[in-house]
Amino acid sequence: MNKTMTTASLALALGAALTVAASPAFAADSAADKEKCYGVALKGKNDCKAGAGTSCAGTSKTDYQGNAWTLVPKGTCEKTVSSTSPTGKGQLAEFKEKKA
Amino acid sequence: MSAQRHFAEAVLAAEPLCPPGLMAWNGSDPARRFAVYRNNVMVSLIDALADSYPVTQDLVGEEFFRAMARLFVRTHPPRSPVLALYGAGLAEFIEGFAPAAVLPYLADVARLEMLRVQAWHAADAAPLGLADFAALLENAPALAATGFDLHPSLAVLRSAHAVVSLWAAHQAQDGTPDLTAVDPALPESALVLRIGIDVEIRRIPCATAQFILHLQQGLAFGAAAQFALDTEPAFDLPAVLGMLICGGAIINLCQPRREPA
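Those protein sequence lines, which keep their order, are chains A and B. Under the working numbering, the first residue of the first sequence carries the number 1242, and numbering increases by one thereafter. Under the working numbering, the first residue of the second sequence carries the number 526, and numbering increases by one thereafter.
Heads up, some of the hints might be wrong.
[Claimed, not checked] Reference excerpt, derived from the structure (chain B facing chain A, CB under 10 Å, subset only):
no. : residue
1   : Leu661
2   : Ala693
3   : Gln751
I should point out that these hints are in silico values taken from the structure, not numbers from a laboratory. Think of the CB as a built atom: it goes at the ideal place given N, C-alpha and C, for glycine as much as any other residue.
Could you put the whole structure together from the sequences, leaning on the hints where they help?
This is the structure we're talking about:
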C-alpha cells in the first residue's frame, strides 16, 4: 500500500515495455510475420470434418449404459498429488483395485 | 407438442422410444432405424466434446469422460449449429457432477480448454502498433485515465488449482504427461490469447491476472495498475505491458467504462 502509481511511473513503465517490444528478439516472434490461413482449422475444430459432427462417426461405437457411473476416474491423474487422498497420492489407483 | 419437438426429445431421451408416426422408406422397422439415428447423434456430440476437451478426457480416462459426456449431452443439447463451440457449459456441469468430485481441479481444466477453443474462433482484430503507444507517451498526463480495449480472443482464468501446469503437462509430444512435479492444489492464473494463428496459454501471477481483467472490464490504466500494485508490491508493470503489446493484445485506446471499485 506504500507505493503509488504516478503519471511518471505509468509513463516509465510503458516506455520500458515499448523498448522491450521494439527489440529484435521480440519483433521476430511477433504476429506480423504470420497470416491467417482458412481451411486448416485445428483438428476437430472445423464444422464438417469426418469425425466430430459427421453421422458416420457414430455407427461403430457401443452404447454406454447408465451404470457407467460406478466407474472411477482413471488415467494420468494417478500420478497427481491429491489433497483428498489419505496418502496424498495414488488414491485413484486404490479405487481401481477395489473395483477389480 | 409438434412432431418436430417429439422427435427432438426422443433423440436425446434416456430410453430408446420411437416417436409416433415414423415410417421407413423401404418398409423396415422405424424403431430400429431411429435407434441408429439416435446413436449417431449422441456419439457425434460426445466426439465433439472429446475433441474440445482432450486434457479433461486424459485426466479421467476415456471411459469415464464419454459416460459423463453422455449425461451432459442429454441435459445440454446444442443450442447452435456450430459444433466447434458446443459444450461451453461442461465445466459447470462437472462442478455439480458427484463422481468427478475427487478431482476438484477438473472443472477449471475444462474451463481453460473451452477458453482455448473460444480464443481459436474469436474475431480478428488489428493490434495497436508501437507508434500508437509512442504517441500515447507524448501526452503522459492523459495516460492514467486511458482505457485499453483488449483483443477478442483474450481471456483470463483465475483458479484455485494448478490449471496451467496440469494443462501444460498434457501437451507432451510423446503423449505421456509428467505430473509428478505438479501440485494441483496450488492456485494458478492463466492468460489465453491468440497470437497470429496460435492460441497461447500462459501462467501469469495473480496480480497480473487481476490487472488484465480490470482492463478488460473497462477500468482506466492508472486505476488498474494501482490496484495491482496494492495487491502485489512486486507487480511488474513494464513486463506485463510488454507481454500485452508484443502479443498484440491491445487493440484500441478507449474511455474508461468503469470507475475504480
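Evaluation of the provided hints:
| no. | hint | result |
| --- | --- | --- |
| 1 | Leu661 | holds (7 Å) |
| 2 | Ala693 | violated (13 Å) |
| 3 | Gln751 | holds (4 Å) |
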